[in-house]
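Residue-level listing of the chains:
Number of protein chains: 2
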Amino acid sequence: MPPKIENRIPDIVIGRLPLYLRALTRLKQEGIEVTSSHELGQRLGISSAQIRKDLSHFGGFGKQGTGYQIDFLVDKLQNVLKLDRHWKIAVIGAGNLGSAISHYRGFSDRGFEISWLFDADPDKVGTQVDRFVVRPLSELKDTLTKNHCQIAMVAVPAQHAQTVANMLVEAGIKAILNYAPINLTVPEGVMVQYIDPVVHMQHMTYYLEDK
Amino acid sequence: MPPKIENRIPDIVIGRLPLYLRALTRLKQEGIEVTSSHELGQRLGISSAQIRKDLSHFGGFGKQGTGYQIDFLVDKLQNVLKLDRHWKIAVIGAGNLGSAISHYRGFSDRGFEISWLFDADPDKVGTQVDRFVVRPLSELKDTLTKNHCQIAMVAVPAQHAQTVANMLVEAGIKAILNYAPINLTVPEGVMVQYIDPVVHMQHMTYYLEDK
Numbered sequence: 289m290p291p292k293i294e295n296r297i298p299d300i301v302i303g304r305l306p307l308y309l310r311a312l313t314r315l316k317q318e319g320i321e322v323t324s325s326h327e328l329g330q331r332l333g334i335s336s337a338q339i340r341k342d343l344s345h346f347g348g349f350g351k352q353g354t355g356y357q358i359d360f361l362v363d364k365l366q367n368v369l370k371l372d373r374h375w376k377i378a379v380i381g382a383g384n385l386g387s388a389i390s391h392y393r394g395f396s397d398r399g400f401e402i403s404w405l406f407d408a409d410p411d412k413v414g415t416q417v418d419r420f421v422v423r424p425l426s427e428l429k430d431t432l433t434k435n436h437c438q439i440a441m442v443a444v445p446a447q448h449a450q451t452v453a454n455m456l457v458e459a460g461i462k463a464i465l466n467y468a469p470i471n472l473t474v475p476e477g478v479m480v481q482y483i484d485p486v487v488h489m490q491h492m493t494y495y496l497e498d499k
Numbered sequence: 289m290p291p292k293i294e295n296r297i298p299d300i301v302i303g304r305l306p307l308y309l310r311a312l313t314r315l316k317q318e319g320i321e322v323t324s325s326h327e328l329g330q331r332l333g334i335s336s337a338q339i340r341k342d343l344s345h346f347g348g349f350g351k352q353g354t355g356y357q358i359d360f361l362v363d364k365l366q367n368v369l370k371l372d373r374h375w376k377i378a379v380i381g382a383g384n385l386g387s388a389i390s391h392y393r394g395f396s397d398r399g400f401e402i403s404w405l406f407d408a409d410p411d412k413v414g415t416q417v418d419r420f421v422v423r424p425l426s427e428l429k430d431t432l433t434k435n436h437c438q439i440a441m442v443a444v445p446a447q448h449a450q451t452v453a454n455m456l457v458e459a460g461i462k463a464i465l466n467y468a469p470i471n472l473t474v475p476e477g478v479m480v481q482y483i484d485p486v487v488h489m490q491h492m493t494y495y496l497e498d499k
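From first to last, the protein sequence lines are chains A and B. If you number the first sequence the way my numbering does, the last residue is 499 and the count never jumps. If you number the second sequence the way my numbering does, the last residue is 499 and the count never jumps.
Read the hints as simulated data drawn from the structure, not as lab findings. Watch out, some of these pointers could steer you wrong.
Said to hold, decoys possible - Lysine to aspartate or glutamate pairs mimicking EDC-like chemistry, simulated, CA-CA at most 20 Å apart: (1) A/Lys370 x B/Glu458; (2) B/Lys364 x A/Asp498; (3) B/Lys370 x A/Asp484; (4) A/Lys499 x B/Glu458; (5) A/Lys370 x B/Asp430; (6) B/Lys434 x A/Asp498; (7) A/Lys499 x B/Asp430; (8) A/Lys434 x B/Asp498.
Note that the structure is a prediction, hence the values are computed from the model and not measured.
Using the sequences plus the hints, can you model the full thing?
Next up, the structure:
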């Protein structure tokens, strides 16, 4: 990340936009229509100066003092992040985690739609998980290619994650969210982001005291 | 983060140590005994200079050219991150995600032990999830205080997450891993880290092309 050399906005800035969007959507749900970089900063633990600097990359929202129109800023951020559409997602791995992901209802109103669930296990293939029938990996490439799917979540054991990643690259996937606790090797132009709860907890234990 | 003012090592460095530990453990499992900052960097997509700089905060491991003894470095990192013990973890929320976490077997060999599962729903309390009997939130404070539990995972719906966080702070929790897509407000000295798959995907969609 970022895969595009010509991209001018620092990736670290892009990475903060979803946090701004999440906090703004929350404020909107609370019936608030206008906010400030100060209020946003307090919610996020980010300095208001940083927020103003980040947002300035995308043109002027709200002038100094008058604050941000939340509706407008939400629309703008959704547009910048290409969330003014639904992205279809393939989930690989129908174990406990893959099933939990398949049951989760919080994706659709944030721009994503879980569309397929795949697993290598013949005993799982064909079974129903939430609204999905588990598909075999043999159908992965055709299904994702035909549907121009670009995003996949990997929820398989660590020892299978790289093999699955290779299949996803073969199938034209450009963005992988990897839940397996292993670093994936992918070609240029394919993005990988990682979710590993242990990494977060090990970060925090450094600061904990023995009890 | 970091909660300790006197802590001298930048938090961003501490945050990378679990990634180094994960990659080194992987190399060890592959039977490799010695590695280099170059090899490690390639695995992690981090520059070898950065890795050497980060590790130099903790004294000299492996001299230039001779590389790092993986066993030694793993022990050292586990020691620095206080993983030379098992940290008991409380999971709040026995829904699909909380259940998946309870079933997951990948915590124990990385320094953590899921020890209790709590839920507010009377229909869930008392039921068995993996090796846990779901406990009511009314038992949260006594259980965690008595056992000096310092780490909790929040896997409840967004609208309940802050309330649960307040209860956890009350119960003496110092480190919260929050899966709910909402920013939590906690007092000084309590750490929160976030896991939100949508934030990662929204980060990547910025770079995707319409298909």
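(request) Tell me, in ascending order, the numbers of any earlier hints that this structure violates. (result) Per hint list: 1 and 5 violated.
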